[in-house]
Structures are given as C-alpha cells and as structure tokens.
Amino acid sequence: MDSDRRKLFALVVFGAATALLIAASATAHAVLMESSPAVNSTVAGPDIAIKLRFNVRIDAGRSRLTLVPPTGSVQPLEIGKQISADTLFANASGLPAGEYRLRWQVLASDGHITRGEIPFIVARS
Amino acid sequence: MARLLQIFGFLSVLFRGATLTFQSLAAGGIVFLNSILRRASPECGAIQQACLRWIRLSAVALAVMQLSYVLANSLILMQSADMTLADVRGANFFIAGAIGIFAALTIVILSGVQRAHGYADLLFPAAAIVASSVMTSHAMARLEFRAPLVVATALHQAATAAWLGGLPYLLIAVRRAESPEFARQISARFSQLAVISVCVLASAGFVLGFAYVGSFQAAYGTSYGAMVTAKIIMFGLLLFLGALNYQLVRSGPAGSILASLKRFGEAEIGIGITVILTAASLTSLPPAADLAHDRVSAMEIFARMAPRSPRLGSPAMQELPEDVYAAQSKAIEAGALSSASFVPGQAGTRPNTPAEKEWSEYNHHWAGIVVLAIGFLALLAQAGHVSWARHWPLAFLGLAVFLFLRSDPEVWPLGPNGFWVTFADPEVLLHRIFVLLVIGLAVFEWRVQTGRVVSANVRLVFPALVAVSGALLLTHSHALGNIKEEVLAELSHIPLAILAVTAGWSRWLELRLPEENRTRGTMARVWPVCIMLIGAILLNYHEM
Chain A
0 MDSDRRKLFA LVVFGAATAL LIAASATAHA VLMESSPAVN STVAGPDIAI
50 KLRFNVRIDA GRSRLTLVPP TGSVQPLEIG KQISADTLFA NASGLPAGEY
100 RLRWQVLASD GHITRGEIPF IVARS
Chain B
0 MARLLQIFGF LSVLFRGATL TFQSLAAGGI VFLNSILRRA SPECGAIQQA
50 CLRWIRLSAV ALAVMQLSYV LANSLILMQS ADMTLADVRG ANFFIAGAIG
100 IFAALTIVIL SGVQRAHGYA DLLFPAAAIV ASSVMTSHAM ARLEFRAPLV
150 VATALHQAAT AAWLGGLPYL LIAVRRAESP EFARQISARF SQLAVISVCV
200 LASAGFVLGF AYVGSFQAAY GTSYGAMVTA KIIMFGLLLF LGALNYQLVR
250 SGPAGSILAS LKRFGEAEIG IGITVILTAA SLTSLPPAAD LAHDRVSAME
300 IFARMAPRSP RLGSPAMQEL PEDVYAAQSK AIEAGALSSA SFVPGQAGTR
350 PNTPAEKEWS EYNHHWAGIV VLAIGFLALL AQAGHVSWAR HWPLAFLGLA
400 VFLFLRSDPE VWPLGPNGFW VTFADPEVLL HRIFVLLVIG LAVFEWRVQT
450 GRVVSANVRL VFPALVAVSG ALLLTHSHAL GNIKEEVLAE LSHIPLAILA
500 VTAGWSRWLE LRLPEENRTR GTMARVWPVC IMLIGAILLN YHEM
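Taken in sequence, the protein lines are chains A and B.
No gaps in the numbering here: position 47 of the first sequence is 46 in numbering that gives the first Met the number 0, and each next residue is one more.
No gaps in the numbering here: position 467 of the second sequence is 466 in numbering that gives the first Met the number 0, and each next residue is one more.
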C-alpha cells in the first residue's frame, strides 16, 4: 500500500470509527400526543373507549395495549381497526371502579418501539 | 432484560450511523463515476478502477452494517415486544433493510463486471439504497404533506451523497491523475456537481427544517431544533472551506493549488462525516414541531448561561445518591417516570439531586480551567517565546485522571457498581472512551510538540482525536420529550462540539497545507483559540 492510499485508508477508517463510536441511545420517534382517557383523568365506567394519538404513523398490527386493573392482573386489549394511521383504538368493558393503568407499546415505521403508561381512574357509575 | 435491551439499542444506533456513512460513500462514488469520470479518456481507466474498488468496499460495508442493524433491531423487538420472527419480517424497517442489503450486494456484483460503456446501471441500486433509507425516515411516518416531505428527504440524502460521499473519490482521482491539467479538469467538474448538490441540499433542508422545526423558538428551545442548528453551522463551515477552495483556484500560488485542494478535501470529508452522523442522531428524535409543550424559553437559556463564578469546591461523596441505578429502578417502580413516552430499556430520566448537579458543575469547571490553560499554553508555544509551554499536552493526562475518577461516581473505582457496568451503560462507556481519547491526545501530541516524533501520520493523531471527540459530543443521547434540563445541557454541549470539530480540522489543515498556502498561518491560530473558548464555556457550565 503506497503512502497516499494509506492516508486515504486511514481517513475512511476514521470515518467508520466515528460512526462506530456514536453513542446516541434513544432511538425512536413515536411520541404520544393525546389520549383518551387522559393521564390522571377520571372517566365514567364500566365501559370505556380508548384512543391514543401519536405524532407519526403507527404499525397497529405490531403494537400492544394492556390494562392493569386495581387487582394488578394484566389484561391485553384488542386493538380495533385503524381509522387513522397515527391513532390506536380499543374498548375496555365491565371495569369496576378503581385506579387503572393503560400500558401502550407501539412500533413506528423506522422499526423502533416506544412505550408509556397512562394512569386513570374509573368512577363509580 | 432492561440492560440487554439497552445494549441492543445502543448497538442498533451504532449500526444506523455506520449505515448512513457507507450509504453516502457508495452512492456518492457511483454519482462521481457517472458524472465526473463519464467522458472517455485514456487517463480515466485507472481512476475508474480505483473508484470501483472503493465503491465495492463501501457497498460491502453497507450490506454488513445494514444486516447487523436489521438483526439487532429484530432481536430487540422479539425480546421486548414478544414478537415472532414472522411478525418482525413484515415490519417496515425489515423490508427497508432488506431492500438496502439487496441493493448494496447488487452494487458489489455489478461493480466487478468489466464493461465498455459506462456504469449508468449502478445508478439504479444507488437510488434503491437512498429509497430504503427514506423508507424509515421521519418523512414516511408523517400524516401531513407526506409526498413532498418524502421527495425533499430523498433529494437531501442524494445531494449529500453526491457532494460529501463524492469527496473521497475526488481525492482518489486527483492523486491518481497523470497530469496536473487532468486533475484540474476533474476538480472543476466536481466543483460544478458540488454547487448543484449544495443548492439541492440546502433547498430540501429548508423545506424539511420548516416542516419539522416550524418556528424560531423551536430552533433553540428543543433538542431537535438545537441539533438542526448545529447541522446548519457545520454546513456553514463546509461552505467556508468551499469558498477557500474557490479563492485558491482563482488566485492561489500555482505550484501548490492541487496540494491545497487535496488538504481542504480531507477536512471537508471529515466535517461532512460529522454532519452525516449528526443527521443519524437526529433521526432518533421526534421533530420539534411535534413537541409544542415544555420548550425552553430564551429567558431560561439566558438565566442558565449568564456568567457566574465557577464552583471550585465539590460536594462530598456521601451527599450523592448511594446507587443511581437502584434509585432509577425505584422511581420506575413508583410509576414516577412512566406516563411519558420512552424507549424500552430507557425508562425516562431521573432528575438529578442538587448534590449531583453541584458534583457535575465542579467537574465541568475544573476541566474548563485545565482546557483554558491548554489553549493558552498552545498559543504561547506557537509564539515561541516560552520554551516550556510546548509541554502543554501533558495537562491532558491530569484531565484524564480527573475525568476517570469523577465523571461516573456510581461506578468503579468510586461507586458501588463494578467495572463491567462500564460496558452496559452507554453513558458510562462514552465517558470512558473520552478518557482514552484524552490520554491519546496527551501522549501523541506531547511527543509531537517536543520533537520526539517526525512521522507525518503521528502528527495527525491529535487533530483526528479532537475532531472525533466533537463528533461524539454531537451524537450523544437525547431525550424523547422536551425535558428542559436535557435541552439546556444540550445547548451548552453543542457549541463545545462545534468548537472541537473546528479545532481538530484547523489543526489538521495547519499540518497538511503546503507551506506557501497563507491560510495555514490562520489555521495555526484558530485551533488554540477554539480550545480556549471550549475552556471558557466549560467554566460557565451550570445545571442550576
């Protein structure tokens, strides 16, 4: 390898090394914009309609919604037909009054998942 | 499991950054081959073959990185979201990755085939590579104005590849040109391509900036906006180097024009790769336009950055939380961090305690004093009046020990968590890599300054490491939301990163430009001043 090629090689290795050293660790961009029920809100039970709107398109088929009731046993929720590409819909029925947590996990088109949790209260009907 | 996901998440970002870099190199080489070397000439043959070799290498590296990225991301999804391989296989990122790998392998095969009539067919897989990248971009995920944003993103990436990805091939061509006249012709053709690419890149960037940032306040009040601003400033640096090139060709000393062009080309490649990596880091953030709440106001920035006296006394170790990892787990268990969107394995940011903030400020301020002294001594050494000042690189050794001990008090040797946590927590790993870089700076540059080294390559270690440090700072972790403390910290780190990139490449140019180039003298003054400014900013870094 002559001197010029060696220097050029070093330059490209430098670029590749820089790439390999980058350390951004948050790799997703689906962020919850609004939800129903809202965070820390009180809703009338026993049946509630769930709607989560994100800032980008969501792969509904590869996303998950689960409900954690006051008893603590996790219930998966069936995600309804996607009317808008950035929104997830679901229904939860027969909920006794109490404190709940709605856990969501979505897959964005860039292949990254984000998660979050919405605490809310179901009031006595 | 959370730690495993963190490691996979970390790896997937590394692969993403490498993918974007090699994508630009492969596609840029193909554009160069077809637009600059297209005219048949006996001198073109050898240059074409050299370019084809580099295109092939870049395409192989791209395929490997793309495959690694898809595998890491698939594993993350299968482990964290209970998906099967069949589920993952149909996801958008998987399909985009498969297209990218197929296109890269097509380039590898086609570039090895001897042909008489040009390489236009390589443009198709090059376009497919850009398309596969656009498929996972912000533009594809938008609901509004999707089509124009997709077009703007594709043009932005294609123009970046043509210009920045084409630069290494310009250097190859100029080095291998058999006559100065032919090298000058190639440079002139590339200049035309670069001007067109810069116009396309800037226009598409303006459209994307308008759509994703949206307002002046978002440009400084959000992480995304601040990173876009950093990209624009580095774009300005590249244009400045381009202007120096232009001036050189018009009125530079005839004997050294080509030598100078090559050196400016090297700096442009380095800064260009930094911009591409910043862009890779940017794709991990939600656009500023989506985060209308909790932006940092101009008053808050002013209040945080107004000059104050440095903190020269440290809080005691006992005042820090006993174990930050345990504290973070407790906060997550309590649900304190969980209503915001987060990435699995990264369940939010625990607010620092006042003692942790004081600890961090103390670290930054003492580091600032050392760095300010280094810059000042480097200037003195250049003036030549104080002979001992040339030992200034040794001050970096003290800085390395200080950083090693103080930057992560929760980890060995000071904290309760063992040495191996270093490799599981990306932030600690980054700090430890920085310590190694600083030791490298001290050893290599001290040997250079004291005349113990004559090798030209060893002299380049210092500028390369300083520039890499700047790139690292620009691509460190970002929060998903507008966490004000993180945005404010980001706003102080971005100028540091840009100054480090400027210092590294100006020192590079000082060492590499031919003696008769007058810019060399200016560059020799620029880098010590940049280092002093870094010291001054560190001295005024505040977290409260």
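Hint data in this document are derived by calculation from the structure and do not stem from the laboratory.
A couple of the hints might just be wrong.
With the C-beta cut set under 10 Å, the calculated list includes, among others, these residues of chain A facing chain B [unchecked claim]: (1) Met32; (2) Asn54; (3) Val55; (4) Arg56; (5) Gly60; (6) Arg63; (7) Ser72; (8) Val73; (9) Ser108; (10) His111; (11) Ile112; (12) Arg114.
As the structure is a prediction and not an experimental result, all values here were calculated from the model.
Ideal placement from N, C-alpha and C gives every residue a C-beta, glycine not left out.
Starting from the hint list further up, note which numbers the structure goes against and sort them upward. 7, 8
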